[in-house]
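Novice: Here is how the chains run, residue by residue.
2 protein chains.
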Amino acid sequence: MTILLYDLVGRDAARPFSPHCWKVAMALAHKGLDYRAVPTRFLEVPGIEGGVSTTIPVIRDGDKVVSDSFAIALYLEETYPDRPTLFGGKGGQAHARFIERWSQLTIHPYLGVTALGALHGMQDDANAGYFRSSREARYGKALEEVTAGREAGLSSFRAALEPLRSMLSYQRWIGGDGPLFADYIVFGAFQWVRVATAFQSIDANDPIAEWFGRCLDLHAGLGRSVPAAA
Amino acid sequence: MTILLYDLVGRDAARPFSPHCWKVAMALAHKGLDYRAVPTRFLEVPGIEGGVSTTIPVIRDGDKVVSDSFAIALYLEETYPDRPTLFGGKGGQAHARFIERWSQLTIHPYLGVTALGALHGMQDDANAGYFRSSREARYGKALEEVTAGREAGLSSFRAALEPLRSMLSYQRWIGGDGPLFADYIVFGAFQWVRVATAFQSIDANDPIAEWFGRCLDLHAGLGRSVPAAA
Numbered sequence: 001m002t003i004l005l006y007d008l009v010g011r012d013a014a015r016p017f018s019p020h021c022w023k024v025a026m027a028l029a030h031k032g033l034d035y036r037a038v039p040t041r042f043l044e045v046p047g048i049e050g051g052v053s054t055t056i057p058v059i060r061d062g063d064k065v066v067s068d069s070f071a072i073a074l075y076l077e078e079t080y081p082d083r084p085t086l087f088g089g090k091g092g093q094a095h096a097r098f099i100e101r102w103s104q105l106t107i108h109p110y111l112g113v114t115a116l117g118a119l120h121g122m123q124d125d126a127n128a129g130y131f132r133s134s135r136e137a138r139y140g141k142a143l144e145e146v147t148a149g150r151e152a153g154l155s156s157f158r159a160a161l162e163p164l165r166s167m168l169s170y171q172r173w174i175g176g177d178g179p180l181f182a183d184y185i186v187f188g189a190f191q192w193v194r195v196a197t198a199f200q201s202i203d204a205n206d207p208i209a210e211w212f213g214r215c216l217d218l219h220a221g222l223g224r225s226v227p228a229a230a
Numbered sequence: 001m002t003i004l005l006y007d008l009v010g011r012d013a014a015r016p017f018s019p020h021c022w023k024v025a026m027a028l029a030h031k032g033l034d035y036r037a038v039p040t041r042f043l044e045v046p047g048i049e050g051g052v053s054t055t056i057p058v059i060r061d062g063d064k065v066v067s068d069s070f071a072i073a074l075y076l077e078e079t080y081p082d083r084p085t086l087f088g089g090k091g092g093q094a095h096a097r098f099i100e101r102w103s104q105l106t107i108h109p110y111l112g113v114t115a116l117g118a119l120h121g122m123q124d125d126a127n128a129g130y131f132r133s134s135r136e137a138r139y140g141k142a143l144e145e146v147t148a149g150r151e152a153g154l155s156s157f158r159a160a161l162e163p164l165r166s167m168l169s170y171q172r173w174i175g176g177d178g179p180l181f182a183d184y185i186v187f188g189a190f191q192w193v194r195v196a197t198a199f200q201s202i203d204a205n206d207p208i209a210e211w212f213g214r215c216l217d218l219h220a221g222l223g224r225s226v227p228a229a230a
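These protein sequence lines are chains H and X, in that order. The UniProt record's numbering numbers the first residue of the first sequence as 1 and each following residue consecutively. The UniProt record's numbering numbers the first residue of the second sequence as 1 and each following residue consecutively.
Among the clues, some could well be false.
Derived contacts from chain X toward chain H, CB cut-off under 10 Å, selection only [what the hints assert, rightly or not]: (1) G32; (2) Y35; (3) R36; (4) P46; (5) G47; (6) E49; (7) Q93; (8) R97; (9) Q171; (10) W173; (11) G176; (12) F181.
Listed below are the simulated DMTMM-like cross-link pairs for lysine to aspartate or glutamate, each with C-alpha atoms no more than 25 Å apart in a straight line [as the list claims (entries may be wrong)]: (13) K90(X) to E77(H); (14) K64(X) to E44(X); (15) K90(H) to E162(X); (16) K90(H) to D82(X); (17) K90(X) to D124(H); (18) K90(X) to D82(H); (19) K90(H) to E44(X); (20) K141(H) to E151(H); (21) K64(X) to E78(X); (22) K90(H) to E77(X); (23) K90(H) to E78(X); (24) K31(H) to D82(X); (25) K90(X) to E151(H); (26) K90(X) to E78(H); (27) K90(X) to D177(H); (28) K64(H) to E44(H); (29) K90(H) to E210(X); (30) K141(H) to E162(H); (31) K90(X) to E162(H).
Honestly, the hints are just simulated from the structure, not real lab data. In this text the structure is predicted, and so the values were computed from the model without any measurement. In this text, a Cβ means the ideal position worked out from N, Cα and C, and glycines have one as well.
Take the sequences, apply the hints, and build the full model.
Specialist: Written out as structure tokens, the structure reads:
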């Protein structure tokens, strides 16, 4: 049965942008599972599947509804053990949680800053109002002021990526010889920004950019199915 | 046959301090392998096992000599597959490399600064001279000046540990339900400092301090076999 993925979009239903939804899209493709994305705006999230979650991704797989990208990956691994693994064993599953926390706390804050204004511009009027008020409350200033700080933070952001960059001198993927869910965790963050804005958070010659390009090529170019923001 | 671990010490052979040697000691204990530490000073390193490595740890296991802590862990995992796993599968092995790079690039530089003066004080005269000249060349200033900067860097160091701290709200070990080599990677860094100096790089109430305490309790309290520096 086709799995439903409630996927965050703005005005254009063909440009899903959520980093966490991208993690799940890549995980579903990795498992070779048939799925259908259900384009969902911010204001529609509380109504999906009877209000099961305040955030997406949410998936429906037959009778089962699961929210939270990491929980979804664990569910897929457990439910479809004969498909390609997302974790490469129990150790990989445990260590992926560390990488998820690293990505969320080291990569997301800066990338969010770079994309914030553009993400606002992708919303329809009603959702743009929600986005502005919720994000301005979170950051304590106007969206435009937040994004204006991105140049100043760029070099320290790039320095903070050094563990990932250095790791890529040992192996091609966070998963080793091939990608695992931990790659999709970090991929989702960079894809979020690629879909939203032309701002280059990493230099084109950075090994991380090369790894990101490899991620975009995976699963018949799933990540490239949405063109980069111009 | 008893495995030999060439283990870095200073004047007191009973106070091994190298973070990388501690990773291996914990890995050997985790595997339940019989080993004997060979106390080794900095200036003795180039002479061990026919000059196989410029750094230690080095182990000898029968006819096999292996250097580099990560390579040793991989060797032990491959050679003793029926003993408790250090990686929990191929995914854990790959992700452990990311955690090793994170530990080396995020934790080690600051902890090295905090311990540098004390590590110098632990060496005999000949080794103290080597330590001072090699480290002053690396840092470009006097050891005492390097360590004097530790108070200024403390709060940003503690903030940089947030991915580890946050992960500990999900699971008790980097390895999940139990420790894996990735735990020993990070443990080694904090043990290095515990053996060298009484300086408290983490607050006693920090979940990371609690995790470190659990690490010290492992393998019949192997880490506590060396008392903390006074």
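Novice: With reference to the structure, classify each hint as holding or not holding.
Specialist: So, going through the hints one by one against the coordinates:
1. G32: 18 Å, violated
2. Y35: 23 Å, violated
3. R36: 28 Å, violated
4. P46: 26 Å, violated
5. G47: 29 Å, violated
6. E49: At about 25 Å, which exceeds the 10 Å cut-off, the nearest Cβ of chain H leaves the hint on E49(X) violated.
7. Q93: 7 Å, holds
8. R97: 5 Å, holds
9. Q171: 6 Å, holds
10. W173: Cβ of W173(X) sits 7 Å from chain H, so the hint holds.
11. G176: 3 Å, holds
12. F181: 9 Å, holds
13. K90(X) to E77(H): Measuring from Cα to Cα gives roughly 15 Å; hence the hint holds.
14. K64(X) to E44(X): Answer holds: K64(X) to E44(X) is near 20 Å, not above 25 Å.
15. K90(H) to E162(X): 23 Å, holds
16. K90(H) to D82(X): Holds. K90(H) to D82(X) sits at ~16 Å (cutoff 25 Å).
17. K90(X) to D124(H): Violated, because 45 Å separates the two Cα atoms, which is more than 25 Å.
18. K90(X) to D82(H): 16 Å, holds
19. K90(H) to E44(X): 40 Å, violated
20. K141(H) to E151(H): 17 Å, holds
21. K64(X) to E78(X): 13 Å, holds
22. K90(H) to E77(X): OK: K90(H) and E77(X) at ~15 Å, within 25 Å.
23. K90(H) to E78(X): This hinted pair holds, its Cα atoms lying about 17 Å apart.
24. K31(H) to D82(X): Since the Cα atoms of K31(H) and D82(X) sit roughly 30 Å apart, the hinted pair is violated (cutoff 25 Å).
25. K90(X) to E151(H): Distance of about 39 Å is beyond 25 Å: violated.
26. K90(X) to E78(H): 17 Å, holds
27. K90(X) to D177(H): 10 Å, holds
28. K64(H) to E44(H): Between K64(H) and E44(H) the Cα gap is close to 20 Å, so the pair holds against 25 Å.
29. K90(H) to E210(X): 23 Å, holds
30. K141(H) to E162(H): 30 Å, violated
31. K90(X) to E162(H): Satisfied, since the Cα-Cα distance of roughly 23 Å is no more than 25 Å.
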